[in-house]
Amino acid sequence: MNEVLLIFGMFVVTFGIRYVLFAVADNIEFPDKLKRALNYVPIAVLTAIIFPAVFMPKGEFYASIENPYIVGAIVAVAISFWRKNMLLTVVAGLAAFVAWKWLIVG
Amino acid sequence: MQYTRSKLFTLGMKDCAPLILAAIPFGIIYGALGQSTELTAWAVVAMSVFVFAGSSQFIAVGLLAGGAAWPVIVLTTFFVNFRHLLYSANLLPHVKPYSQAIRAPMAFLLTDESFAVASNYLTDHGKQANFHWYYFGAALFMYINWQVCTLVGLFIGQSIPDMANWGLDMAMVVAFIGIVVPCLHDRATLACALTAGVLSLITYDWPHKTGLLFSAIVAILVAMYLEAKKDGTQPDEQSDADFSEGASE
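In order, the protein sequences belong to chains A and B.
Residues in the first sequence are numbered consecutively from 0, following numbering that gives the first Met the number 0.
Residues in the second sequence are numbered consecutively from 0, following numbering that gives the first Met the number 0.
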């Protein structure tokens, strides 16, 4: 295994993906429809990260009231919907998660 | 609201804190896993320093353990990190004011976490002249944390029991929830989230995070369809024509 080639290759593709649009930003103007589509990127990608983390915490589907990730997530969604306050959402969601984990496991 | 540069920088760090917490076990586990492969300690660290992409680093050490050749790992990295293109496209209007000397490090530090925090900030504040100070506060904090955790994992990771099951990743989940939920204000945004969520479960087994990318893109198309339906002058069946028409405005 050539470590230098491995890391250099990984650097090139990763940085390339992250930088290519920034690099040419002055010369491109996205069509209006694409711009509006891109507004949905945070919702779409972050939710696609959240769901497996919550419903498949160990790689297998675990939809049960005993799953502390689900309980914590429900509390976080409720608090965020109610108050739209990030700090409160994080603290309440984590607290519910920890309490549930101890309650069920301990 | 107008902040000074250092205020913005520390605000970025602060907003990133839950995601830092969530990243700690992953950084440590990465270091510990890396140590158990044929990679030298230098290479394990160099990967964190130069690549700085958690999930692809995990997949790389996994593939190494399975004896994969480096071009395979590089190609896999490309697919795993392809979603960052969506992030950079989303941030494009906000980086246009900056020179390449600022854009390049911004791109280098672009991760799920820095994007999540940045997009949340931009949703709340709109276009900001000094956005990069906020961004660098969040992203550099993430970067330094990742390096420290890699080192910790490399040297003492194997003596820390069962970190993956501590549940620190929940900090990321609740932070992301706190970012997404306030964005859900109509049928299009709600359908976008539900589609992305359900599809991400169904496509979870797809290789190299392609399921995540697929789910996100389908969810965006669903949202665009509903948005067009809502805004459309012809309220009903205009969708197909609308999509194929695509770019031409």
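In short, the hints are calculated from the structure, not lab data.
One thing to keep in mind: the hints can contain errors.
[As the list claims (entries may be wrong)] Here are the computed lysine-lysine pairs in the BS3-like style, where the Cα-Cα straight-line distance is at most 30 Å: (1) B:K229 x A:K34; (2) B:K13 x A:K100; (3) B:K6 x A:K83; (4) A:K100 x A:K34; (5) A:K32 x B:K6; (6) B:K95 x A:K32; (7) A:K32 x B:K13; (8) B:K126 x A:K34; (9) A:K34 x B:K95; (10) B:K126 x A:K57.
Evaluated hints:
1. Taking the CA atoms of K229 (chain B) and K34 (chain A), the gap is near 17 Å; set against the 30 Å cutoff, the hint holds.
2. Pair hint K13 (chain B) plus K100 (chain A) holds up; C-alpha atoms about 26 Å apart against a cutoff of 30 Å.
3. Between K6 (chain B) and K83 (chain A), the direct Cα distance comes to roughly 22 Å. Compliance with the 30 Å bound is thereby established for this hinted pair.
4. Distance check on the hinted pair: K100 (chain A) and K34 (chain A) sit about 42 Å apart at the alpha-carbon level, beyond 30 Å; violated.
5. The straight-line distance between the Cα atoms of K32 (chain A) and K6 (chain B) is roughly 36 Å, outside the 30 Å bound, and the hint therefore fails.
6. In summary, the hint linking K95 (chain B) to K32 (chain A) is supported, as the alpha carbons are separated by about 19 Å, within the 30 Å threshold.
7. Restraint check: the Cα-Cα separation between K32 (chain A) and K13 (chain B) comes to about 34 Å, which exceeds 30 Å; the hinted pair is violated.
8. Distance hint between K126 (chain B) and K34 (chain A) is fulfilled; the C-alpha atoms sit about 15 Å from each other, no more than 30 Å.
9. At most 30 Å may separate the alpha-carbon atoms for a hinted pair to count; K34 (chain A) and K95 (chain B) meet this at roughly 14 Å.
10. Proximity of K126 (chain B) to K57 (chain A) is assessed by CA-CA distance (about 39 Å); at most 30 Å being required, the pair is judged violated.
Checked against the numbered hints above, the structure breaks hints 4, 5, 7 and 10 and satisfies the rest.
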